[in-house]
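Peer 1: Chains as they are written, first to last, in this note's numbering: chain A, 61 to 324; chain B, 19 to 239.
Certain hints may be false.
Among chain A residues calculated to face chain B with C-beta under 10 Å, some are [to be verified]:
| no. | residue |
| --- | --- |
| 1 | L94 |
| 2 | I97 |
| 3 | F134 |
| 4 | A137 |
| 5 | K176 |
| 6 | W178 |
| 7 | S180 |
| 8 | V205 |
| 9 | A253 |
| 10 | S258 |
| 11 | V260 |
| 12 | M278 |
| 13 | F283 |
Restraint-style ranges between C-beta atoms, simulated for each label pair [to be verified]:
| no. | chain 1 | residue 1 | chain 2 | residue 2 | range |
| --- | --- | --- | --- | --- | --- |
| 14 | B | N79 | A | I265 | 18 to 28 Å |
| 15 | B | G47 | A | L249 | 38 to 48 Å |
| 16 | B | G197 | A | R192 | 41 to 51 Å |
Bear in mind the hints are in silico, worked out from the structure with no lab data behind them. Owing to the predicted nature of the structure, the values given are computational and were not obtained by experimental measurement. Glycine is no exception: its CB is placed at the ideal position from the N, C-alpha and C atoms.
So you can see what is in the structure, the chains are spelled out below.
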Amino acid sequence: MDLDRYLERDSRIHAADARLKFLITIGFILSLSLLPIGSFLAIAIAWVVLMAATVVARIGPSRVVRASFVALPFVAAAIPLIFTKSGDPLGDINLGLFTLTASGEGLIQFATIVFKSWVSVQAAVLLTFSTRFPDLVEALRALRVPAIIVAVISFMYRYLAVLTDEATRMMRARAARSASPDGSGGGSLLWRARVVGSMVGSLFIRAYERSERVYAAMQSRGFDGTMRTLRRRQFGGAQWLALGLAAVTLGVFEVTGHLWLPRA
Amino acid sequence: MPFLLHAPDGFFSTPVAVALWIVTAVVVGYSANRASRELDERAIPLMGVMAAFIFAGQMFNFAVPGGTSGHLLGGVLAAILLGPWAGTIVMASVIGVQALVFQDGGLLVLGANIFNMGIIGTLGGYAVYRSLVPLLGGLSSGRYPAAAVAAWLSVFVAAVLTAFELAISDTTSLAVALGAMAGWHALIGIGEAVITVAALTFIANSRPDLLRFGQPSAATA
Numbered sequence: 061m062d063l064d065r066y067l068e069r070d071s072r073i074h075a076a077d078a079r080l081k082f083l084i085t086i087g088f089i090l091s092l093s094l095l096p097i098g099s100f101l102a103i104a105i106a107w108v109v110l111m112a113a114t115v116v117a118r119i120g121p122s123r124v125v126r127a128s129f130v131a132l133p134f135v136a137a138a139i140p141l142i143f144t145k146s147g148d149p150l151g152d153i154n155l156g157l158f159t160l161t162a163s164g165e166g167l168i169q170f171a172t173i174v175f176k177s178w179v180s181v182q183a184a185v186l187l188t189f190s191t192r193f194p195d196l197v198e199a200l201r202a203l204r205v206p207a208i209i210v211a212v213i214s215f216m217y218r219y220l221a222v223l224t225d226e227a228t229r230m231m232r233a234r235a236a237r238s239a240s241p242d243g244s245g246g247g248s249l250l251w252r253a254r255v256v257g258s259m260v261g262s263l264f265i266r267a268y269e270r271s272e273r274v275y276a277a278m279q280s281r282g283f284d285g286t287m288r289t290l291r292r293r294q295f296g297g298a299q300w301l302a303l304g305l306a307a308v309t310l311g312v313f314e315v316t317g318h319l320w321l322p323r324a
Numbered sequence: 019m020p021f022l023l024h025a026p027d028g029f030f031s032t033p034v035a036v037a038l039w040i041v042t043a044v045v046v047g048y049s050a051n052r053a054s055r056e057l058d059e060r061a062i063p064l065m066g067v068m069a070a071f072i073f074a075g076q077m078f079n080f081a082v083p084g085g086t087s088g089h090l091l092g093g094v095l096a097a098i099l100l101g102p103w104a105g106t107i108v109m110a111s112v113i114g115v116q117a118l119v120f121q122d123g124g125l126l127v128l129g130a131n132i133f134n135m136g137i138i139g140t141l142g143g144y145a146v147y148r149s150l151v152p153l154l155g156g157l158s159s160g161r162y163p164a165a166a167v168a169a170w171l172s173v174f175v176a177a178v179l180t181a182f183e184l185a186i187s188d189t190t191s192l193a194v195a196l197g198a199m200a201g202w203h204a205l206i207g208i209g210e211a212v213i214t215v216a217a218l219t220f221i222a223n224s225r226p227d228l229l230r231f232g233q234p235s236a237a238t239a
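Same shape as in the complex, but just chain A (with noise of 0.2 Å):
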């Protein structure tokens, strides 16, 4: 599992405040949300603008394109709407038992959720791509995410490539100690989830355990609670007006695609 997503380069973006970046993703993916049913000129004018943006980051679309599949089991949920919303009736599937039947309005809104998901999820990406870890997690703080939650997220990501690896030596392990003759993965499909009940409870010892350590080398450091930062980055005039240009420029690309841009 690849942990460390960030991919560096020498752009303007990958240069842009964190805040600046959460901030313009969080109302892209806003405006794209609130885009009326059929808006697939709005979507497509929206995506082009997201993948000029990910050349500007020198990361290209395919990576980012690539990266956007994760989210494609859910689509699942969404295809139902195919076949219950009443409307122009495209085609009967015939399933044997039942035959279900297609309609326009239904497919036109499938397509909706999906590329606006779609599209979201790039821009995500194009974000985790460009911004450091730590400065994400700085614009956490900065957008009034309580203190305890932003400081549990940076250790928890310190600490996550360490409990992955054991996690991974610890499924190795599980593999060369168990036979699997005819690939069922052997067992009873109980025993096989008591198994994993064990494999988790050791990794929580383990961490558990883990825990004090790095709480005491804390404390031998003069650790009192308080997390403390020395890098603080203004968020100044400059910012400012960054923020202000993608807010004007995000409403008027939601009013264009509510009141004149085609709708299917």
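Place chain B on chain A using the hints.
Peer 2: Okay, now just chain B, sitting in the frame of chain A:
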């Protein structure tokens, strides 16, 4: 495939997403408050490492017929091990990082995802656990059955809620979503219950002293 609960952006309508963000912000804010008061300064490294533990613990999978695999979600386990407030913070952090770093779940719908899995699954699951333990004759006899029921419910109710939210968002029809999500997650919930109980058994056998945080006696003290 419990990741069917990690909804991407676009699948919940804007009002649903924003309303659940507000609810989530309030509950998580309150939990943060309670957790900082109940635990001392060791809480930060403990919860941080525990969040990484839940994330890594979700990697352990086991083969399920049909080519998929089952794994832990961890909401009830986190609440029993760490107490409800710290458990909620940990789960919210895990779900947040999954969305922010791995695009496992959207950003605008993050509030809804944390609500379904981190709040209902963790706080709600813990409430079920707490109320069942005395009914089942106290910790010695009631811990595992109560944890099993709470773990099963945490997955099942999260799936039912997701189905309702999808239906309110007009993303799917309620009947189909309820049938598919609830039916499927009723099975996934059994896996969650078995894993949760097995993990608790393992910990009770090796380090029983670590089972003190989320216990009814400790939480009321």
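Peer 1: Hint by hint, where does the structure go against what was stated? Just the numbers, ascending.
Peer 2: none
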